[in-house]
Amino acid sequence: MAKITFEEPSGKLHTVDMAGGQSVMEGAVKAMVEGIDADCGGACSCATCMVYVAAEWEAKLPAKQSDEKQMLEFCPHVQANSRLTCQIPVTDALDGLTVKIPPSQH
Amino acid sequence: MLESIVIVGAGQAAAQLIASLVQDGFTGSVTLVGDEPHLPYQRPPLSKKFLAGELSFDRLYVRPAAFYEKAGTRLMLGTTVAQIDRQDHAVVLADGTRLPYSTLVLATGSRARTVPLPGADRPGVYFLRTIADVEALKAAFAPGRSLVVVGGGYIGLELAAVAAKHELRVTVLEQAPRVMGRGVGPVVSRFYERLHREEGVDIRTGVSVRAIEPGHVVCSDGSHPADLVLIGAGALPNVELAREAGLTVGEGITVDAQCRTSDPAIYAIGDCTVQHHALFERGLHLESVHNALEQGRIAAAAITGKPIPAEQVPWFWSDQYDVKLQMVGLSAGHDEAVVRGNPDQGRSFAVFYLRQGMLLAVDAVNRAPEFMVSKQLIAEHARLDPARLRDERVAVKDLKG
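So the sequences go chain by chain: A and B.
Quick note on my numbering: the first sequence kicks off at 31 and runs consecutively.
Quick note on my numbering: the second sequence kicks off at 512 and runs consecutively.
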């Protein structure tokens, strides 16, 4: 279990309790977090589940694989701290993670 | 009167429509009628991770049951609709029950195309469209068994890839001169033929199947052993309800830019539709997740009176082995196909389709950057220099020049 907080572009916070065995994207979609579109359902093919990760968390997340790096390279609104939530499995270690949702996924 | 929406068809378009209605502040009632006994689920993993056993059943669901409960959606799953009574604004179920609507949304999707082959109704012959189809197929999936795939499209080839990984002996029979002919250009088809051969799949193109007999498939080039047969002959849009109700139907149910059919009280979304696309200046019948989601969002906005989201460039994907194919735009009408990278070696290249220099579409094979950049370039009608596209020394970010 991990408590993960999403900050919507408006500044509204949305904290979700997520069980393991799924990705952060899946947990967010189930909880109706707005702005995580996840069009491809987790195939790392659309880059519409992108978030910005708080600085103190960047190093604590599993490293990006080549698929994710390639998709992020030209993702709209990308920043150095962008991640695709479909590529981050929920683990206890993520408890307290805070991420920010971009203004749009397109 | 409180607005009541009835949605016929419980696939991804329907799930997106409900989610968008909630987000757009819809307060009326929603009834979702689906003929399968499942909540809306994702079909793409059926021929990939779900078949391979890498994704559990519950992770196929687009949204959990609690979502529909919270949204106040009345679920009528495992329920077949018999007809639409437009006069009376009601949907009539197979058991005669009438569901009155103020707005009806047809999200009836498509079904696997059958083939008029002798023996196609034998045990051991499978289709791949639903969870039930895959459960049946999975039970027959065992290393060492021989599988013949009739049809070298996405579904057939994705299944062939999973089967080869599971050490089945796989033959793919394609009637056309090349595989995936409907979706990609010849360069990409040739690449996929090589890819599958490298992975041990016997790919035969330009062959026609004559009959399915116990233990083998009879074909124009001989007989192929087959413990099991998968028919991957494409999909047919489910337009019958609409047609019988007198709605305008072409290649799919004809809808306008707001996903409205020829009856203003009835919308249609997803695989079952045909819609004029401003970017491509013609009616498009698309069978894709992206289209289902986009039309779900558009219909929700139209129903709630919100601004219609801007039209996006259609895109598609297919995962086979370690190769990610991402396609964006539509190449029909191109006069030049420019290849970036080497399709004859390795597993990474992209093909750009241009019409008088304007980018229409891209097939990207393990080339996510090219795919992502092209989405934008196609949307803005970019004109590109073929020499730059071809030249790998030009960085992807500089392709536009």
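Keep in mind the hints are simulated off the structure, nothing from the lab.
Hints may be right or wrong, so weigh each one.
Computed far set for chain A versus chain B, every beta-carbon distance over 12 Å [claimed, not checked]: (1) G41; (2) A73; (3) C74; (4) A84; (5) A85; (6) E86; (7) K90; (8) M101; (9) A110; (10) D125; (11) P132; (12) P133.
These stretches of chain B come out as covered by chain A in the derived footprint (C-beta under 8 Å, 3 or more residues) [claimed, not checked]: (13) 595 to 602; (14) 612 to 622; (15) 792 to 804; (16) 823 to 831; (17) 876 to 889.
Here are the computed lysine-lysine pairs in the DSSO-like style, where the Cα-Cα straight-line distance is at most 30 Å [unchecked claim]: (18) K908(B) to K130(A); (19) K886(B) to K908(B); (20) K560(B) to K886(B); (21) K908(B) to K94(A); (22) K911(B) to K94(A); (23) K886(B) to K99(A); (24) K33(A) to K130(A); (25) K676(B) to K130(A); (26) K581(B) to K42(A); (27) K581(B) to K60(A); (28) K560(B) to K60(A).
The C-beta atom is built at its ideal place from N, Cα and C for all residues, glycine as well.
Now the hints, each set against the structure:
{"no.": "1", "hint": "G41", "in the structure": "holds, 18 Å"}
{"no.": "2", "hint": "A73", "in the structure": "violated, 6 Å"}
{"no.": "3", "hint": "C74", "in the structure": "violated, 8 Å"}
{"no.": "4", "hint": "A84", "in the structure": "holds, 25 Å"}
{"no.": "5", "hint": "A85", "in the structure": "holds, 25 Å"}
{"no.": "6", "hint": "E86", "in the structure": "holds, 28 Å"}
{"no.": "7", "hint": "K90", "in the structure": "holds, 25 Å"}
{"no.": "8", "hint": "M101", "in the structure": "violated, 5 Å"}
{"no.": "9", "hint": "A110", "in the structure": "holds, 16 Å"}
{"no.": "10", "hint": "D125", "in the structure": "holds, 21 Å"}
{"no.": "11", "hint": "P132", "in the structure": "holds, 14 Å"}
{"no.": "12", "hint": "P133", "in the structure": "holds, 14 Å"}
{"no.": "13", "hint": "595 to 602", "in the structure": "violated (count 0)"}
{"no.": "14", "hint": "612 to 622", "in the structure": "violated (count 0)"}
{"no.": "15", "hint": "792 to 804", "in the structure": "holds (count 3)"}
{"no.": "16", "hint": "823 to 831", "in the structure": "holds (count 4)"}
{"no.": "17", "hint": "876 to 889", "in the structure": "holds (count 6)"}
{"no.": "18", "hint": "K908(B) to K130(A)", "in the structure": "holds, 26 Å"}
{"no.": "19", "hint": "K886(B) to K908(B)", "in the structure": "holds, 13 Å"}
{"no.": "20", "hint": "K560(B) to K886(B)", "in the structure": "holds, 26 Å"}
{"no.": "21", "hint": "K908(B) to K94(A)", "in the structure": "holds, 21 Å"}
{"no.": "22", "hint": "K911(B) to K94(A)", "in the structure": "holds, 28 Å"}
{"no.": "23", "hint": "K886(B) to K99(A)", "in the structure": "holds, 17 Å"}
{"no.": "24", "hint": "K33(A) to K130(A)", "in the structure": "holds, 14 Å"}
{"no.": "25", "hint": "K676(B) to K130(A)", "in the structure": "violated, 39 Å"}
{"no.": "26", "hint": "K581(B) to K42(A)", "in the structure": "holds, 20 Å"}
{"no.": "27", "hint": "K581(B) to K60(A)", "in the structure": "holds, 12 Å"}
{"no.": "28", "hint": "K560(B) to K60(A)", "in the structure": "holds, 20 Å"}
This entry does not satisfy hints 2, 3, 8, 13, 14, 25, going by the numbered hints stated previously.
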